[in-house]
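J.: Chain residues, written in single-letter form:
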Amino acid sequence: SQKIEQNSEALNIQEGKTATLTCNYTNYSPAYLQWYRQDPGRGPVFLLLIRENEKEKRKERLKVTFDTTLKQSLFHITASQPADSATYLCALKGVSGNTPLVFGKGTRLSVIA
Amino acid sequence: EPEVTQTPSHQVTQMGQEVILRCVPISNHLYFYWYRQILGQKVEFLVSFYNNEISEKSEIFDDQFSVERPDGSNFTLKIRSTKLEDSAMYFCASTTQETQYFGPGTRLLVL
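Chain order of the listed sequences is X and P. Numbering of the first sequence is given in this note's numbering, commencing with residue 100 and proceeding in unit increments. Numbering of the second sequence is given in this note's numbering, commencing with residue 39 and proceeding in unit increments.
The shape of chain X in the complex, shown without the other chains (with noise of 0.2 Å):
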């Protein structure tokens, strides 16, 4: 079955740096990975979408990253700051317009001031 694993359940990470999320897929072959932030007790936000056939992509102080041979995505917040703290979500979808988005569990990122 369609596994999706976060690397870890929580990461703290100082102010200022940068924080690396890692998601991993087995028996899946998404045409989209999508990255999701959600506050508690609420619902997830778009942050960025890669690809299949991306390498990167970029925005702002966000950076994901998609190797389709390892079956693996980094997302990467840069210049950390303590409003970043939040869980982060990975999510695969296929290629039809109507296919749901299947999650990960997330990472509960806090910034340390």
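The hints are simulated quantities; they were obtained by calculation from the structure and are not laboratory data. All of these numbers come straight from a predicted model, not from anything done at the bench. Where a beta carbon is used, it is the ideal one built from N, C-alpha and C, also for glycine. Incorrect hints may have been included.
[Claimed, not checked] With a Cα cut of at most 30 Å, we get these calculated DSBU-like pairs of lysine-lysine:
no. : chain 1 : residue 1 : chain 2 : residue 2
1   : X       : K154      : P       : K80
2   : P       : K121      : X       : K154
3   : X       : K102      : P       : K121
4   : P       : K80       : X       : K204
[What the hints assert, rightly or not] Interface residues of chain P toward chain X, partial, derived using beta-carbon atoms under 7 Å:
no. : residue
5   : T51
6   : S93
7   : F103
8   : G143
Fit chain P to the given chain X structure using the hints.
T.: Just chain P now, with coordinates in the frame of chain X:
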């Protein structure tokens, strides 16, 4: 910026009662979804809806669940006879093709 909205934000109900959760997707989106998240667990897919019919559903989406788009804007999830284990956050999402945009969720508590 357009948003997915959901009502109510919280719902408390007795076991065995029916609940209807409401969503207004982003207006030009074509695909609609319901997901749920039990406290401390991952977000799980329930059902997808396209062209006024269910296109895919998960094992969770049994006969107690139904979805409807009654008036071209609202998208509803009905749970006919709630169980304790239905307690969760329920998220609606919509998309045109790639990125799914989520609503703020309805927190359902079944007592």
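J.: Does the CB of T51/P sit less than 7 Å away from some CB of chain X?
T.: Given a least distance of 19 Å, the restraint on T51/P is violated.
J.: Next item in the hint list is S93/P. Is there a CB on chain X closer than 7 Å to its CB?
T.: holds, 5 Å
J.: With the threshold set at 30 Å, check whether the alpha-carbon distance from K80/P to K204/X stays at or below it.
T.: Holds - the C-alpha atoms of K204/X and K80/P are around 4 Å apart, at most 30 Å.
J.: Hold the hint about G143/P up to the distance rule: shortest CB distance to chain X must be less than 7 Å.
T.: holds, 5 Å
J.: The hint names F103/P as touching chain X; please verify it with the least Cβ-Cβ distance against 7 Å.
T.: violated, 15 Å
J.: Are the Cα atoms of K154/X and K80/P separated by 30 Å or less?
T.: holds, 26 Å
J.: Taking only the CA atoms, is the gap from K102/X to K121/P under or equal to 30 Å?
T.: holds, 27 Å
J.: Between the alpha carbons of K121/P and K154/X, is the straight-line distance 30 Å or under?
T.: The hint is violated at about 45 Å.
Checked against the numbered hints given earlier, the structure breaks hints 2, 5, 7 and satisfies all the rest.
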